[in-house]
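Each chain, written out:
Protein chains: 2
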Amino acid sequence: MSLQTSSEIDIIKAATSKIDQVDFEKLTFGSVFTDHMLVCDFRNGAWEKPVIKPYEPFVLDPSAKVFHYGQAIFEGMKAYKTEDNSVWLFRPEENHLRMNKSAVRMCMPEVPESIFIDGLKELIRLDEAWVKNGKGNTLYIRPFMIAIGSGVIAQPSTQYRFCIILSPAKAYYSGDVKVLIADYYSRAANGGIGAAKAAGNYSGQFYPTQLAHNAGFQQIIWTDDATHTKLEECGTMNVFFRINDTLYTAPTSDRILDGITRKSLIDLAKREGINVDVRPVLVDELVEAAKNGSLKEIFGAGTAAVVNPIVGFQYKDEYFELPKLEKSYATDLKEKLTNIQYKLAEDTFGWTVKI
Amino acid sequence: MSLQTSSEIDIIKAATSKIDQVDFEKLTFGSVFTDHMLVCDFRNGAWEKPVIKPYEPFVLDPSAKVFHYGQAIFEGMKAYKTEDNSVWLFRPEENHLRMNKSAVRMCMPEVPESIFIDGLKELIRLDEAWVKNGKGNTLYIRPFMIAIGSGVIAQPSTQYRFCIILSPAKAYYSGDVKVLIADYYSRAANGGIGAAKAAGNYSGQFYPTQLAHNAGFQQIIWTDDATHTKLEECGTMNVFFRINDTLYTAPTSDRILDGITRKSLIDLAKREGINVDVRPVLVDELVEAAKNGSLKEIFGAGTAAVVNPIVGFQYKDEYFELPKLEKSYATDLKEKLTNIQYKLAEDTFGWTVKI
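Respectively, the protein sequence lines represent chains E and A. Count along the first sequence starting at 1, add 1, and that's the number in my numbering. Count along the second sequence starting at 1, add 1, and that's the number in my numbering.
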């Protein structure tokens with residue numbers, strides 16, 4: 002290992018790379034990590050100097066608050082390599098902004114740009130060989146923060162760890178996705194933490210999602226917990242509905258995550274001349290539209306899958322198959338968005354950032 | 002360290018004890034841990050052999066699911082030492098049962114009695130010197146389970162760690178507690194994880210509780226998230242209201258934890274001839290009762306504080322002071338419950354279990 006010190010970030014390089022042990026054609030999403038990670042601890046009211054070092058385990062006290070009180074947040078992002086071997090990020094400032102919003106809601110310190118953005122760029126430069134070019138190949142980026150202070154008393158920690166790990170990924174293909182509309186379980190409360198990318202929001206979905214799996218569905222479309230009449234998210238993604246030629250999606254709220262893919266798709270769709278209506282979408286409307294044939298598409302939107310088309314949905318005892326379209330908004334918008342991400346189309350929005 | 006193997010549990014004793022470094026008169030709740038801990042990992046669909054070993058840090062991959070998805074649950078219990086130096090647990094089977102209910106809701110494996118109960122007894126036997134006698138002295142017990150499987154994909158882990166750590170504690174005194182009634186923030190959703198002792202439920206409360214602190218309140222009384230009209234929990238405790246001579250508390254639900262102190266107090270109060278009414282209690286009722294003088298007491302109930310009397314509450318812009326009673330239900334029930342726990346009164350309920 003060689004130690005390289007800049008004024009901003011310490012860099013400890015791995016003696017050898019693991020890259021030759023990885024089959025980049027057979028990657029399970031989120032399971033293989035690059036040679037390095039960025040770690041920065043928060044102690045005594047301040048962020049310490051970040052360090053990029055070989056990927057290695059954390060050593061934490063069994064009473065660390067992350068284990069007991071779930072004080073933990075994360076982000077999901079991707080890096081893309083173009084034909085000329087340059088590497089690009091997609092709207093990273095949005096992830097940084099959202100991470101800090103999550104931090105505030107979870108009583109955690111905000112992460113400065115010099116650590117989140119500059120640290121990420123430095124880390125990716127070091128592990129650039131792990132980003133493969135060719136559309137579909139990406140480097141999945143996982144910035145996260147955990148409470149590392151010890152003590153089994155339910156109070157905010159005074160010590161935190163911010164970390165970025167990187168995982169090479171292939172295009173995400175989930176097969177035919179059938180969804181179940183939630184009429185009992187919920188992912189978020191009014192005045193709760195649903196809008197934060199907080200760890201606890203995700204594990205809370207596991208059990209209802211497993212019940213849905215057992216019944217033959219891949220995902221759940223979450224509804225508002227009070228009435229189960231409003232369609233809110235799909236699994237861990239935002240969700241869009243196409244009725245006739247209008248695209249509907251719920252407004253963000255304290256129950257709904259402000260997805261970056263979501264807002265990018267809205268902008269793209271509008272540019273394409275598609276009518277986009279951001280307003281609460283009711284279960285009854287969806288069922289009615291499915292029955293009268295005006296429901297054309299449903300798709301999830303998120304960083305991992307980009308766009309995840311849904312082939313049918315079940316509500317209570319009734320299953321509705323969606324039409325198979327020659328030219329869907331889902332396919333078209335995904336193509337247009339990924340073309341921008343891979344620099345295969347002009348980025349008129351200024352979304353891409355070169356590393 | 003000496004290795005002692007039984008058929009059920011491996012025991013690795015610490016070479017030396019830390020006990021002489023601890024000032025048992027000056028203990029901060031949940032911050033000092035005994036010499037040993039019990040650890041048992043779940044892998045390949047089964048629990049491995051539990052091991053009691055010296056208290057030491059966990060070594061976990063940065064992608065461990067507990068860090069990203071909050072798949073973590075815990076319990077809180079206490080051990081009590083009597084005048085004759087015997088050590089007792091209070092309704093441990095209830096904690097075991099609840100841990101397993103939480104496990105099901107969070108898609109985690111249930112912990113067998115041979116690990117949870119027998120393991121706990123064995124651990125306490127080893128660290129018995131850490132339990133001091135004299136009323137008020139307790140050993141706080143923290144059983145918990147975390148997802149240790151790696152991979153940044155939001156799915157249940159296949160690997161888990163169950164662990165028990167022990168922390169000596171003095172009687173919990175929180176000073177005068179003023180509470181704020183929640184009219185915007187919430188702790189749990191209908192169909193959510195509020196009834197599970199899941200990690201994410203606790204960190205979600207930190208921010209609203211901090212806002213309450215800043216406004217001069219120690220706790221929040223949580224209300225239902227849909228209407229904010231029903232009184233549900235107080236901080237991390239269940240909550241009781243005395244109006245005239247009747248004691249009210251909300252029924253448990255998927256938003257409200259089935260507290261062991263709560264149910265014990267209900268049984269005790271009934272035995273004392275107090276009228277107990279378990280039904281939804283409305284904010285409006287409370288305000289009305291405060292105004293007409295029929296509201297006598299509010300108190301929280303939980304393992305750490307046992308009973309936590311409240312001196313006043315604020316709802317929107319109005320603050321209501323509670324009367325100072327010579328003989329309160331809170332003080333009386335706390336005294337009666339702790340007398341049972343310390344074997345100073347006959348345990349007619351059969352709640353105490355000797356180690």
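Derived by calculation from the structure, the hints in this document are not laboratory data. For clarity, every value in this text was computed on a predicted model and none was experimentally measured. No residue lacks a Cβ here, since even glycine has one placed at the ideal position from N, Cα and C. Misleading hints may appear alongside valid ones.
Between beta-carbon pairs, the in silico distance windows are [unchecked claim]:
1. E289/A / L212/E: 34 to 44 Å
2. Q211/A / D348/E: 18 to 28 Å
3. E336/E / D285/A: 51 to 61 Å
4. N340/E / Y320/A: 55 to 65 Å
5. V279/A / Y185/E: 22 to 32 Å
6. L283/A / R280/E: 27 to 37 Å
7. T230/E / R280/A: 23 to 33 Å
8. T17/E / V60/A: 15 to 25 Å
9. L212/E / K317/A: 32 to 42 Å
10. I154/A / K50/E: 55 to 65 Å
11. A47/E / V60/A: 33 to 43 Å
12. K50/E / E49/A: 34 to 44 Å
To give an idea of the interface, some chain E residues facing chain A are shown, with a C-beta separation under 7 Å as derived from the structure [stated by the list, open to error]:
13. A15
14. T17
15. S18
16. I20
17. V23
18. F25
19. M107
20. G150
21. A172
22. Y173
23. Y186
24. A190
25. S204
26. A346
27. F350
28. W352
Hint validity - G150/E Cβ closer than 7 Å to any chain A Cβ: At 10 Å from the nearest chain A Cβ, G150/E fails the 7 Å test, so the hint is violated.
Can we keep the A15/E interface hint, with Cβ of chain A closer than 7 Å? Constraint on A15/E not satisfied, violated at 15 Å.
Can we keep the A346/E interface hint, with Cβ of chain A closer than 7 Å? 29 Å, violated
At a threshold of 7 Å, is the proposed contact between A172/E and chain A supported by beta-carbon distances? Result: violated, 15 Å to nearest chain A Cβ.
Against the range 22 to 32 Å, how does the distance between the Cβ atoms of V279/A and Y185/E compare: consistent or not? With a Cβ separation near 23 Å, V279/A and Y185/E satisfy 22 to 32 Å, so the hint holds.
Just to be sure I understand the hint, the distance between the Cβ atoms of T17/E and V60/A should be within 15 to 25 Å; is that true here? With a Cβ separation near 21 Å, T17/E and V60/A satisfy 15 to 25 Å, so the hint holds.
D348/E and Q211/A - C-beta distance against the hinted 18 to 28 Å: 40 Å, violated
Given a cut of 7 Å on the nearest C-beta pair, is the interface hint for A190/E held or broken against chain A? Holds: closest Cβ of chain A sits about 4 Å from A190/E, inside 7 Å.
Interface hint compliance - S204/E to chain A, C-beta minimum distance less than 7 Å: Given a least distance of 4 Å, the restraint on S204/E holds.
Just to be careful: measuring from the Cβ of M107/E to every Cβ in chain A, is the smallest value less than 7 Å? With a closest approach of 6 Å, the M107/E hint holds.
Interface hint status, F25/E versus chain A (Cβ within 7 Å): Violated. Min distance 17 Å.
Regarding E289/A and L212/E, is the given constraint of 34 to 44 Å on their beta-carbon distance met? This hint holds: roughly 42 Å between Cβ atoms.
Checked against the numbered hints above, the structure breaks hints 2, 10, 11, 13, 14, 15, 16, 17, 18, 20, 21, 22, 26, 27 and 28 and satisfies the rest.
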